[in-house]
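Go ahead and model the full structure; you've got the sequences and the hints to work with.
Each chain, letter by letter, is given below.
Number of protein chains: 4
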Amino acid sequence: MGMNGVLRPGHAQIRVLDLEEGVKFYRDVLGLLEMGRDKSGRVYFKAWDERDHNSIVIRQADRAGIDFFAFKVANKATLEKLDSDLRAYGVPTERIPAGEMLETGERVRFKIPSGHLIELYAEKTDVGNGLGLLNPEAWNANAEKGIAPIRLDHCLLYGPDIEKNVALFNEVLGFYLVEHVVLEDNKTDLAVWLSTSIKAHDIAFVRHPEPGMLHHISFLLESWERVLRAADLMSMNRVSIDIGPTRHGVTRGTTIYAFDPSGNRFETFCGGYQSYPDHKPIKWTMDEVGRGVFYHDRVLNETFLSVVT
Amino acid sequence: MGMNGVLRPGHAQIRVLDLEEGVKFYRDVLGLLEMGRDKSGRVYFKAWDERDHNSIVIRQADRAGIDFFAFKVANKATLEKLDSDLRAYGVPTERIPAGEMLETGERVRFKIPSGHLIELYAEKTDVGNGLGLLNPEAWNANAEKGIAPIRLDHCLLYGPDIEKNVALFNEVLGFYLVEHVVLEDNKTDLAVWLSTSIKAHDIAFVRHPEPGMLHHISFLLESWERVLRAADLMSMNRVSIDIGPTRHGVTRGTTIYAFDPSGNRFETFCGGYQSYPDHKPIKWTMDEVGRGVFYHDRVLNETFLSVVT
Amino acid sequence: MGMNGVLRPGHAQIRVLDLEEGVKFYRDVLGLLEMGRDKSGRVYFKAWDERDHNSIVIRQADRAGIDFFAFKVANKATLEKLDSDLRAYGVPTERIPAGEMLETGERVRFKIPSGHLIELYAEKTDVGNGLGLLNPEAWNANAEKGIAPIRLDHCLLYGPDIEKNVALFNEVLGFYLVEHVVLEDNKTDLAVWLSTSIKAHDIAFVRHPEPGMLHHISFLLESWERVLRAADLMSMNRVSIDIGPTRHGVTRGTTIYAFDPSGNRFETFCGGYQSYPDHKPIKWTMDEVGRGVFYHDRVLNETFLSVVT
Amino acid sequence: MGMNGVLRPGHAQIRVLDLEEGVKFYRDVLGLLEMGRDKSGRVYFKAWDERDHNSIVIRQADRAGIDFFAFKVANKATLEKLDSDLRAYGVPTERIPAGEMLETGERVRFKIPSGHLIELYAEKTDVGNGLGLLNPEAWNANAEKGIAPIRLDHCLLYGPDIEKNVALFNEVLGFYLVEHVVLEDNKTDLAVWLSTSIKAHDIAFVRHPEPGMLHHISFLLESWERVLRAADLMSMNRVSIDIGPTRHGVTRGTTIYAFDPSGNRFETFCGGYQSYPDHKPIKWTMDEVGRGVFYHDRVLNETFLSVVT
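Protein chains in written order, with numbering that gives the first Met the number 0: chain A, 0 to 308; chain B, 0 to 308; chain C, 0 to 308; chain D, 0 to 308.
25 Å max Cα-Cα, derived SDA-like pairs, lysine to any residue:
1. D:K75 / D:L101
2. A:K75 / B:V171
3. A:K279 / B:A140
4. A:K80 / A:I95
5. C:K279 / D:D125
6. B:K144 / B:F258
Between beta-carbon pairs, the in silico distance windows are:
7. D:E170 / C:E19: 46 to 54 Å
8. D:N74 / B:N139: 43 to 51 Å
9. C:Y88 / B:L299: 48 to 56 Å
10. A:P280 / C:D241: 47 to 55 Å
11. D:E170 / C:Y88: 25 to 33 Å
12. A:R26 / D:G262: 40 to 48 Å
13. D:T302 / A:D286: 19 to 27 Å
14. C:D184 / D:N74: 28 to 36 Å
15. C:E287 / B:V306: 20 to 28 Å
16. A:D286 / D:S39: 40 to 48 Å
17. B:L299 / C:E287: 23 to 31 Å
18. B:L299 / A:L132: 18 to 26 Å
19. D:G131 / C:D241: 27 to 35 Å
These are calculated hints, taken from the structure and not from any lab test.
Bear in mind the structure is a predicted one, so any value in this text is a computation, not a measurement.
All C-beta atoms, glycine included, are put in the ideal place defined by N, C-alpha and C.
Here's what the structure looks like:
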């Protein structure tokens, strides 16, 4: 919910190598709710506490990775204004008609310098979180089906020219820099965490030669104890864990990185401080980046900079 | 951090009956950091993770209660615009010069229909949270001195005409309604929770005949286990606990209500869902309001509607 | 697991006013596993992590309360020795034949001075905890069905002559005193907590004029967060909560007291320190007993000394 | 607190390469209380909630490792009986006079087949846990100084002939087998966990060619959140972490392994199930031992079987 009207990460479309294996994973292990399938065969999911119809869409493909990552904006006027601002900034945009995705309005799509497709949209059907709007209970059984994150939280994308991403997200979309890792030259950013809200990150980028790569999509859990439960469920389901449970130095969040059956990394995390645009960014240097990323191990694991989809 | 540029609750000035007793409580029991005293004798505190110089100011007076509650706005231009918008809305405003409060810039003060003084300001000295901006640790010893909340989070104020407060906060300041309790007539709000961010509340009001009253100021904790620790520390320090540890149905937060030595209620709480302005408000009716306020007891305790300062 | 061979609380038989209502509560809300019914209509349950066939038995009756509370002993030789020791101590014992309770061996039953029936037994069918004995997982779905306590932990019984209970449990059964509340005369115990293990209590007694009364049976949870989850589930199921979540001063455990549909109080608790027989007992005096029982409220609620079944 | 009268792990004497560095670590980082120094220069510590005078003794030496690990027994008669039973079993014993360790009575020392020195003793001065025995608070400031474990819990020792250790601990000392890892021959134990209480382990052994080696001594924490806090404090103090936070499959405990400045591994852990001697042991096979030891990673890290002191 930034001052330019970008509310939050709204949906991500993920490529999986085997659709039914993917459905089984996202529904039964990660514990998202399966919300529907469209004519092209894509399967739609939402986290239990999300109110909009979908946040994760998977489609079968020969190569894992992310097709696009989208943000919901405040309303249609905001969508029009941001589209216009993007074009004025020199970014070509494309309109995806309402209904191309289930229960989702018109989307404005554009490619950012790191090679990723980003979308904005203003409308997605409010299906509620299952608790109702009148005298609701605090949670329901869906909160304990599988890992059951509360919501899609953010993503970390790898690609070139991330300083141009920062400029675009800041100047046009109103995001602000929360933390960054600076290379040995003390001026080039290796990694940046950006927010359009009071979350410590709504999107993050790492500099990488190959464009358009996915490091992870991230799901929010309620507590450190839910992080433990998530790790237990990953073990019971023989999910490949990359690292964790542990804490990030960056954002202070507690976390697990793991892989879906197609090799797409995802994160289940909790916590992190509240950030505001008047906060000065936190800087990490290369000699301490290990502690910055993995606060307890204090070294990057071998996969962090190399394994992306 | 709302779309109109109101970032967050910034400071509250609280009246205490005995200043040194108050200092001892806010510093040693609640665990705020004492940041300074001004010529008029007011004592300034901040929570350990806050970066601005102060958030709680106490002054000695014959009667407990709150003098004013303030929001930080994005910048001076926002401050000017909101002042102008308030006047255009018919709300007289007053300028408090920079420096009247320690390390705090010019403030725009106005009275809202419920009889409370609200302030806006754009500048307060960034003193940091003690962790630095370069390769920081996750926390430090201040995080465990006393109850040690992370930050001032919100307040709940009692007074008449709260529907006019809602209109003002919504139309001028950009807040949105997150939850409300409706009286038996199914149209008059008994209580409203408003947000200028993705927090479930930045301010809340309860309808009450006497204007300008304080129900509680609220401080954020990191976890349900920290709520237990807070309750333990309250007992060790013989702090008067109103209720808790428990959960609110409204916002789902976990909570303790307790009283400072002067009888001002405060809350130490954790959790609550992330809210967005496109979420439809949640409504509570009088037959379920007990569960809404105290999710486990499911009845209001005798003090909830009657004890305010 | 005391030095006299008394291992642990093994089973309790509880009277309920409506059997099916009771089954629904103990199975679906408390989350015990229904293990079987016998010819007399009694219904048997176990907690998910218990390995023996049953720990809670309910039967329909006109009056709520407890029929008997039993301890498992190390083996049949121990059972014989303790029976003999009881008789030598002047306590008449009765033999209940194997099979009178489902999957349970011969029981030695005796009445203690407070008017309660206590049983000892050496054999109950090991049905396992569902995880198996070969390369087990850490938990399974049963750990999240309802409140799902780990095990039956202890009970608190009300009756007269509790100093004679203490002597009997200490001298014959090998229990030791962990904590006690002393009346204003500084010599008469109002309440005693006794252990046959390193748990802070395996059984407790409160002095009360009416013999044979039940204050509560208690179930162990894994964490303070599971205590919150239990309170939430109680609210969702409209279970009558007596008090909590809170902490006991006595034993330091965190706790909720609530009532089954027949009015029998039960506790879901976590924590408490490890106790050993070489530890000197902790004493509470009447001026601090409120804090001893309810560490946060620091007063007894009105039901603590009066509502028993 | 076993049926043969062995109560609990009582003390361990650890060799460190630099005494003052060791003191700084055990006192300021691990957060044990420094209790005294003796004429030979040894430094004594206890965990905050322990009541006896000391549990960890460090002495400076050229080589890290453990000198001896001791169990407190119920009383002097038990000490005499167990000494006699040990000799009858063919185990030579040695008497260490009272006072050789500060505030500690006479000790019976013997070497077990794996090459470790084990001690039994009945007397150590009860200095209390700082909360008093009359109307105590739930904890005090010592519970938050450094990592601040509650107590010394167990140790894991490496050496040959561990099946003979099992026989000795079972037949003479009354310990029982809780879990074990069996080699590919399906009969030789690689690792065994033994209990003299309802803890899942009071001592454990791993088969290893070199006798008398220490894998780790273990300290008990109250919660998974305290495990996170411990990991944070380790990072802040640049303690070398071996692995964790994670969960063990064996015992289900949550854990961190780390190293003191001399390279002695220690564990800060929480949880694990309650075990009883009538429970059948849990068996782990070599194809699943990785998950047994590190439940989330599901592989042994390279140091687990090789790094001992």
